[in-house]
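If you read the protein sequences in the order shown, they are chains A and B. Numbering-wise, the first sequence is residues 1 to 222 according to the numbering used here. Numbering-wise, the second sequence is residues 1001 to 1265 according to the numbering used here.
Because the hints were derived from the structure by calculation, they are not lab data. Check before you lean on any hint, since a few could be wrong.
Stated by the list, open to error - On the chain A side, residues computed to face chain B include the following (Cβ under 8 Å):
#: 1; residue: ARG19
#: 2; residue: GLY116
#: 3; residue: LEU123
#: 4; residue: ALA125
#: 5; residue: ARG126
#: 6; residue: LEU130
#: 7; residue: PRO142
#: 8; residue: ASP143
#: 9; residue: GLN147
#: 10; residue: PRO150
#: 11; residue: VAL153
#: 12; residue: PHE155
To be verified - Below are the DMTMM-like pairs computed for lysine to aspartate or glutamate, each with C-alpha atoms no more than 20 Å apart in a straight line:
#: 13; chain 1: B; residue 1: LYS1039; chain 2: B; residue 2: ASP1068
#: 14; chain 1: B; residue 1: LYS1039; chain 2: B; residue 2: GLU1187
#: 15; chain 1: B; residue 1: LYS1140; chain 2: B; residue 2: ASP1075
#: 16; chain 1: B; residue 1: LYS1039; chain 2: B; residue 2: GLU1242
#: 17; chain 1: B; residue 1: LYS1039; chain 2: B; residue 2: ASP1203
#: 18; chain 1: B; residue 1: LYS1037; chain 2: B; residue 2: ASP1225
#: 19; chain 1: B; residue 1: LYS1039; chain 2: B; residue 2: ASP1075
#: 20; chain 1: B; residue 1: LYS1124; chain 2: A; residue 2: GLU132
#: 21; chain 1: B; residue 1: LYS1124; chain 2: A; residue 2: GLU134
#: 22; chain 1: B; residue 1: LYS1084; chain 2: A; residue 2: GLU132
#: 23; chain 1: A; residue 1: LYS220; chain 2: B; residue 2: ASP1102
#: 24; chain 1: B; residue 1: LYS1133; chain 2: B; residue 2: ASP1201
What the hints assert, rightly or not - Examples of chain A residues lying across from chain B (beta carbon under 10 Å, computed):
#: 25; residue: GLY120
#: 26; residue: SER121
#: 27; residue: ARG131
#: 28; residue: GLU132
#: 29; residue: TRP136
#: 30; residue: ARG137
#: 31; residue: ILE139
#: 32; residue: LYS212
#: 33; residue: LEU213
#: 34; residue: GLU217
Don't be surprised by glycine CBs; every beta carbon is placed ideally from N, CA and C.
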Amino acid sequence: MNYDWDFSVFLPYLPALARGALITIELSVISSIVGTLLGVALGIVYRLKPIDRVLLPINDILRAVPLLVLIFFVYYFPYTELLGVSAPSAFACATVALTIAQAVYTADVVRAAVDGVSQGSILGARSVGLRENEIWRYIILPDIFRQIAPSLVAFYIGNIRMSSLASVIGCEDVVFVARTAISQRFRSLEAWTIVALIYVILVLPLTIAARKLESSEWLKRR
Amino acid sequence: MVEATLTTDQLDIDRLDIHGLSCANGPLRVLNDFQMKVKMGETVAIIGRSGSGKSTLLRCLSLLQQPDRGNVSLDGKNYLQNGKALLPLWQVRQQIVMVFQDYNLFPNMTAMNNITLALEKVRKVPRKEAQEKAHKMAEKLGIGHVLNRYPNSLSGGQAQRLALARAMVLEPKVLLLDEITSGLDPETILNVTEAITELRDSDATGNLAIVLVTHLMQFASDFADRICFLDGGKVVEDLPAETFFQECKMEATRNFVAAFMRPLL
Chain A
1 MNYDWDFSVF
11 LPYLPALARG
21 ALITIELSVI
31 SSIVGTLLGV
41 ALGIVYRLKP
51 IDRVLLPIND
61 ILRAVPLLVL
71 IFFVYYFPYT
81 ELLGVSAPSA
91 FACATVALTI
101 AQAVYTADVV
111 RAAVDGVSQG
121 SILGARSVGL
131 RENEIWRYII
141 LPDIFRQIAP
151 SLVAFYIGNI
161 RMSSLASVIG
171 CEDVVFVART
181 AISQRFRSLE
191 AWTIVALIYV
201 ILVLPLTIAA
211 RKLESSEWLK
221 RR
Chain B
1001 MVEATLTTDQ
1011 LDIDRLDIHG
1021 LSCANGPLRV
1031 LNDFQMKVKM
1041 GETVAIIGRS
1051 GSGKSTLLRC
1061 LSLLQQPDRG
1071 NVSLDGKNYL
1081 QNGKALLPLW
1091 QVRQQIVMVF
1101 QDYNLFPNMT
1111 AMNNITLALE
1121 KVRKVPRKEA
1131 QEKAHKMAEK
1141 LGIGHVLNRY
1151 PNSLSGGQAQ
1161 RLALARAMVL
1171 EPKVLLLDEI
1181 TSGLDPETIL
1191 NVTEAITELR
1201 DSDATGNLAI
1211 VLVTHLMQFA
1221 SDFADRICFL
1231 DGGKVVEDLP
1241 AETFFQECKM
1251 EATRNFVAAF
1261 MRPLL
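Looking at chain B on its own, in the form it has when it is part of the complex (with noise of 0.2 Å):
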């Protein structure tokens, strides 16, 4: 295993730091010298067009994506640095957990086993403690009844909710959310916000740090602390959550909040 250099020359050290990421779909250059700081306990949603970058950034900082480019550090300690891992993938994966769109169930596991699974195999945690560990986040997330349940028969709320509760159990240092709310109905959008949120607020460390894509900008505003905007691979406006949509000054972030504000008719 590779040793991970400390880069700490701060006494403040940001959970996570990430200076210079580039990264190429193909001939598509999708992020291009992104920079961008979280620190302990702060919640950063970013917005932006679709095919601006958001959603490679998440895969990226979780190394599900191969960026060309780039260092990041956890802690203050480089996991990748010039583009090139410096810990294997499944240790920074374990720290930096990814929640998706489409939730990525395993679908021949119950609930239960889909909860357990990377804590058991992984962590090496025991059976029955991985057992007690995924009903108490059951419980909190409020899908403790379908535990016994297979993907295919839980609702959209339901699933998503089990995407979370499966990586929260792991209890990471960078929870990765990839517009976990497209695709669900009001409620249910509602129902998988407040779950998240209630998540948070009961995080015992207090130092989780949330990155999170989303094209709700109620949830953004009400849920981050800062909104960052992204155009061409890039933060083009980083402002806190609260001031954001009357602070913001560049004409695209202001072409893309009025978007949202205008009658589609």
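Isolated chain A (complex conformation) (with noise of 0.2 Å):
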């Protein structure tokens, strides 16, 4: 029994890879800001009554859609017929699916970091006259960003994972790249151990970062 390993027939490809690469990271990084950035805000939205009745519920909804779903969703979309506009790249359609998303995890979790901020510092915070826009500021912010840390780290990496579906759509990603490499080469095994390669490479650096930040004094500042 044996497999004769042959990694030499993807050396041409490897710039392909390499732009695949690119293209991951690119989804990835993009789609963990903007879903951060409009996760949090989601999450304080959702705090507030009575809107939280008919948001909540969406929220939930995009969550038990899988990712692979959204995508095919945002890029089948009839774009001309309901908005008079063209349909984006697959790139853009992947990185909007990706931020959905990022945005409800991150806000499911937001909501639930603001009932648990230190009732104490804010009100020591409004005992000095603080107002409320820099109690929010000051205390209740960095607050959050304390709790959810350790699960934006994870929600990132899941991220990275899960951008490689963005090549359904043709999204020229590494695995896109890879699918199209084996096409030609017919050499599946050596292919996916490079994809998964690069995956490591790019999870990794994540992975140690969220293991330094459980045991950090940031953390704990709270």
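Given two chains presented individually in distinct reference frames, assemble the corresponding complex, making use of the accompanying hints.
So, in structure tokens, the structure goes:
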């Protein structure tokens, strides 16, 4: 029993794989940043009554939809017929779908974190005359970020891995390049090993950061 | 901004004049037509059973809790009329500052930033000047060496001193102290009470009024000018601190005081 590994057939594809990895990074970074900002804002809005009654179920529905379905939904949406605009690129569709996924998950943890903000420090802030907007900026939001930081890093790791689904609509990420190369060279195992390595390189720094964060002093200051 | 109305019907203006203050916590009426005056430079200790409305009184005075009815004036100007605030809340709270039993510090900030935050953001004091003021106040309270540390690394005594520094750096007209020695060991209590005494004595204006809630009878009698006993949401006994324990006449007060004197077993 022996398997004859041959990575050399993929050497010509390395530049394309590098470009694919760059697209994976772009997809993940844009959707993580925009999704986080949107999620924090939504999470705070979800605390407002009575809009929470309408918005929370929408959030729950979006969280229940698999990312692959969400990507298809954004990609096959009849933009021209319903909005009168031309259909966006596969990259844009995948970014939007990933952003929505990041936003709804973030919103849910932020919503719960608002309840967990130390009431003592809010009272302390009011007692020295800070106004509500200042209390949000200097006391509540930093506390929320400390609470959600470990979850956020986990979401970011998930986002990088889930971005591989973008290839199904033709977004030329690292998985798309690998599938193309396999169809031309017929060596799946080597190609997927390279792809796995690329993902490990992208995800590992975040995993290390998450571990450091768990034991950091910064996280305890709340 | 609503202009405060003047109600100066006396020449000797009281720093705080509380009139008909009522406040309910749910169905429970905690303060009931409460009356009290505090002069400039005076320290008044409020004592009473748990749940008698002592802390609610302090929260209502700093408008951290909304009273149902009543008027309160500061230096002759009403800031609360018929239970409604006449000034923005932040403006009142910069003049009537409260210090809590649980310190209520900002855990995400260094001790220095805990002290300077309100100075910089509300008073708009430039950062350097705010830090100088914070330094002076911290030195006065014996916590100058912990200014770079975070609240979670401070001892109870240091945290309470930091809370005092955060309040006093604003140079308030009225300082409200809500059981600031609770939960501290006897040595730290001494440490904190000495600090607050020194702070009051070194007040440049000599006009700082202090209203404190405490269960430490010794602290009340040594530190305050007057002691008020609260029962049923009202002051039922108001006497000079040095004679309070000998001269209190009401049965509720005598029972309360006797409970402190009596051995536990």
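Original post:
Does ILE139(A) pass the interface check with chain B, least Cβ-Cβ distance below 10 Å?
Top reply: holds, 6 Å
**OP:** Below or equal to 20 Å on CA atoms is what counts here, so check LYS1039(B) against ASP1075(B).
**Re:** holds, 9 Å
Subject >> 20 Å Cα cutoff - pair LYS1039(B), ASP1068(B) >> reply: violated, 25 Å
Subject >> Restraint outcome when ARG126(A) is required to lie within 8 Å of chain B by C-beta distance >> reply: holds, 6 Å
**OP:** Answer holds if the nearest beta-carbon of chain B is closer than 8 Å to that of GLN147(A); otherwise answer violated.
**Re:** violated, 11 Å
Original post:
Any CB of chain B closer than 8 Å to the CB of PRO150(A)?
Top reply: violated, 16 Å
Original post:
Taking 8 Å as the limit, does the beta-carbon of PHE155(A) come near enough to a beta-carbon in chain B?
Top reply: For PHE155(A), the interface hint is violated, since the closest Cβ of chain B sits about 22 Å away, which is over 8 Å.
Original post:
Should the interface hint for GLU132(A) be scored as holding, given a Cβ-Cβ cut-off of 10 Å against chain B?
Top reply: holds, 9 Å
**OP:** Against chain B, run the beta carbon of LYS212(A) and see if the smallest gap drops under 10 Å.
**Re:** violated, 18 Å
Original post:
Are the Cα atoms of LYS1124(B) and GLU134(A) separated by 20 Å or less?
Top reply: This hinted pair holds, its Cα atoms lying about 13 Å apart.
**OP:** Have a go at the TRP136(A) hint: is there a Cβ in chain B nearer than 10 Å to its own Cβ?
**Re:** violated, 12 Å
Original post:
Any CB of chain B closer than 8 Å to the CB of LEU123(A)?
Top reply: Status holds, d = 5 Å.
Checked against the numbered hints above, the structure breaks hints 1, 2, 9, 10, 11, 12, 13, 14, 15, 29, 32 and 33 and satisfies the rest.
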